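Here my numbering is used: the first residue of the sequence shown is 1, the next is one more, and so on.
Calculated directly from the structure, the hints in this document are not laboratory data.
Some hints here could point you the wrong way.
[As the list claims (entries may be wrong)] With a straight-line cut-off of 25 Å between C-alpha atoms, the simulated SDA-like cross-links for lysine to any residue are:
1) 76 x 106
2) 147 x 33
3) 76 x 51
4) 76 x 143
5) 76 x 53
6) 76 x 139
7) 200 x 211
8) 200 x 148
9) 147 x 94
10) 76 x 65
11) 76 x 49
In this text, all values refer to a predicted model and were calculated from it rather than measured experimentally.
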Amino acid sequence: MSAPHPQHRLHSIDPRLKILLAGCFGVATWHVGPYALGGYAFCLWLLCARADFFTRARWPMLRSYLWFVLFWALMKFALDCLPATWPMYLPNRAILRQAGLEAGLLAVRLCILIGLGLVLALTTSPRQLGLALSWFLRPVLGRNSWKTALSLALMIHFLPLTQSTIAQVRQAIRLRNPQRSRWQRFLLLPQATLRILAQKTWTQTVAVAARRLDSPAAWVPHFPPQPMAWIMGVIIAGAGLLPLVY
């Protein structure tokens, strides 16, 4: 669970503040109108562009998320048009226009939510997120909050690891067994991926034990004070949530 490389000042911001901001804007994304939604998307795009998140190495990951968004947008478009096709089997232009608008809004909302999650994950190490979660849960779970923090840190660590492993296995199958059919590759891919991940799981377990991260003392949060960052965060949250009032 290594920390991300310090490429942008976002890495040094208190992870608790980043979690709160991501949560606030994530909830607001489902309730604001199209104009505020466009403002969210534009600001998030500027943030990701300035932090150099759009790199060739991350393109496979971004492409998979784009396919996910496209699938659900098309699904919503089809479901919105389906009731109108029952009486006449062909929806009119007004229904198609409304269904397309709703599907487009859903696609933008999903892109914003995915972007918020990526910004949080790419600018915060799994351990920092775990410490922040331990701080949030300590009033509720007490001493057992470190278990949830460790579970979250491991989950965040294995999500990109699983994705990269799938990509590596798919490439290895294509290069070493080009004569296999697509169906055979489809069946072989999960088997090889699970076997590799099982080995990586044991390696990660040994690493956690060697660093003594499996104890409550390792998950006691100590965050340096950042009053200016918190003030700016409150201002940004207030400005971003203002469309919910009007």
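Task: Broken hints, by number - done: Going through the list in order, the structure violates hints 2, 3, 4, 5, 6, 9 and 11 and respects the others.
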